[in-house]
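Visitor: Chain by chain, the residues:
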Amino acid sequence: MPILKSTLITALFFLMAGNVFAQTKTPPKTHLDGKKLYSENCLSCHQEDGGGVTSMNPPLIKTSYVLGDKSEIVKIVLKGFGEKVKIQGKYYSNIMPSLSYLKDDQIAAILTYVRSHFENTASAISAEEVKEIRAKLKN
Amino acid sequence: MNTLHGKSFFEVYKTSFIRSIPILIGVALFSYTTILKAYHTKGLGRNPVSKLVKADSNNAGLKLPVGFGALLVADKMGPTRHIAVAPNGDIFLKLYDADNGPGIKVLHDALGNGKPTLSQSFGNYSGTGIAIKNGYLYATSNNDIYRYKLDKDYKVIDPANPEHIVYGLIERGEHESKSITLDNNGNIYVNIGAYSNACQVKDRQKGSPAMDPCPILDSAGGIWKFKADVLNQTYKDGIHYGKGIRNTVGLDWNTETNQLFVMQHGRDQLHDLFPNLYGTKENAELPAEEMLQIEPGKFYGWPYCYYDELQNKKVLSPEYGGDGKKVGRCANAENPVIAFPGHMAPNGLLFYKGNQFPSRYKNGAFIAFHGSWNRAPEPQKGYFVVFVPFEKGKPSGKWEIFADNFAGIDLVKSPGQAKHRPCGLAEGPDGSLYVTDDHEGSVYRIIYNGKI
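Order-wise, the sequence lines are chains Z and H. For the record, in the first sequence the residue sitting at position 50 is 50 according to this note's numbering, with numbers rising by one throughout. Each number in this note's numbering comes from the position in the second sequence (counting from 1) with 139 added on.
Please keep in mind that the hints were generated in silico from the structure rather than gathered at the bench. Wrong hints could be hidden among the right ones.
To be verified - In silico SDA-like links for lysine to any residue, alpha-carbon gap of 25 Å or less:
(1) Z:Lys-136 <-> Z:Gln-88
(2) Z:Lys-138 <-> H:Lys-341
(3) Z:Lys-75 <-> H:Lys-558
(4) H:Lys-341 <-> Z:Leu-137
(5) H:Lys-558 <-> Z:Ser-71
(6) Z:Lys-75 <-> H:Gln-408
(7) H:Lys-294 <-> H:Pro-241
(8) H:Lys-341 <-> Z:Ser-123
(9) H:Lys-552 <-> Z:Leu-137
(10) Z:Lys-90 <-> Z:Ser-71
(11) Z:Lys-84 <-> H:Gly-436
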């Protein structure tokens, strides 16, 4: 049955083509260990359970900063944060330093880890997205 | 004249009296030491706690030395920082956060059974410091010192209108608490914490250089002394009493030696900021938390120096060219009288003046360690009350854990796991020891009910 065969082959072709397109659209999986990077760069203040330290270092558990706009959380990591704001009703007195010395893919891995742990379920952040936000901040 | 063997009466009397002197001295010495022994071992001169006050069957969850018990005198009071107890036993609590209620709470024990109830609450400011002296209640916000006149029953007469003793003390978020203590000479001493970890240009920023000299020191990072009964004082009216002290939450006036002692919170993040010099294990231990005996005008090291309790010396901070071993200008900084493992956060200091506890505790120091956060990724430490025996105004032995299990778990990895975090200390009129917890808002009373 030549028509069926050619339909099958065409279908397979489009399927494979579709896969190729799909791969270029989704952000590539990082080879970096987000948990390890978190423990090396964030844990000393935000703690192993992401709970922070009362009145000093804010928690990362379901806060609007963690779950909200990707560019906001990336900006905080790149610039640091020293504003006196209430986070889940409480103030925190320590200043967060800038971690702009970390690479785009490292920051992406850390934030992806934070947004998928500590009771958080939010989308991953890619190195490209960090790169874009970093570039915007420069201007 | 009457004579005995040719000697006059007086001569005979004199000889026999002289002979009896050594016997009299012997009897006197024996009686004195027997009485002294009884005084200490039999409890004469000791104040046992009232029989109406009984420890909770579980000692309020605390682990204590043999002979001691604890009762929960209050619970869920809010973030209770420091505490003062009046001569009538009324308990005054200062709350860290006054956003959702009053900043000062007073507890009164009408039945004398150790379970007081709330009798007054007022004060719309957050803050840590609280003390009672000469008929006044002193309390602090993060910028000011206030005082309230007390009536003969230690009730605050006009809670809405305190006197403004000191104003304008600098506060920039970090190390904001203005803890206080008073001497017996009409002076009040207040901590003005440095609004910085290590006096870097950019606080806690890896690679940011330090400022040299550190400009923060002119108005923070030390202890200031003011008059306790003069209104509207500010920096220019005070004396810069202790310099180069990063942040003090626990401090007390030692009435035995008439000196100020403070507990410094040492700097953080040696590993985060200088990973090439300090591993995570060194970071957990260093620097020591220091007990400082303050001599007016002396310099205690911060930010240029920190105390390394493993090397028993003050060394140069890495921000100022240190490498963990170099001493440099730190040869001129005062040393602590006793040093404790790093980051345990000493939030309360109390010299015990009472007679309820066994005599070895008299004039010694209790310290409330709030518990660490910067030891991570190593396990956290602290979350207990420690005792240091003192003799003639100096530590006379090693520090020992006195009250433990505030955290409720053996291994604390993150401070959020700790159920209670000890903060303030006070002594009651009967010599009971009170401890506050600023996490759950519990107030504990520790009593001695063992063999006297």
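Visitor: None of the hints should be skipped; say for each whether it holds.
Guide: Tested hints:
1. Z:Lys-136 <-> Z:Gln-88: 29 Å, violated
2. Z:Lys-138 <-> H:Lys-341: 19 Å, holds
3. Z:Lys-75 <-> H:Lys-558: This hinted pair is violated, its Cα atoms lying about 34 Å apart.
4. H:Lys-341 <-> Z:Leu-137: 19 Å, holds
5. H:Lys-558 <-> Z:Ser-71: 36 Å, violated
6. Z:Lys-75 <-> H:Gln-408: Holds. Lys-75 of chain Z to Gln-408 of chain H sits at ~23 Å (cutoff 25 Å).
7. H:Lys-294 <-> H:Pro-241: This hinted pair holds, its Cα atoms lying about 16 Å apart.
8. H:Lys-341 <-> Z:Ser-123: Cα-Cα ~32 Å, so violated.
9. H:Lys-552 <-> Z:Leu-137: Roughly 36 Å between the alpha carbons, so the hint for Lys-552 of chain H and Leu-137 of chain Z is violated.
10. Z:Lys-90 <-> Z:Ser-71: Given that 25 Å is the threshold and the Cα spacing comes to 23 Å, the pair holds.
11. Z:Lys-84 <-> H:Gly-436: 34 Å, violated
The structure fails to meet hints 1, 3, 5, 8, 9 and 11 from the earlier list, while all remaining hints are met.
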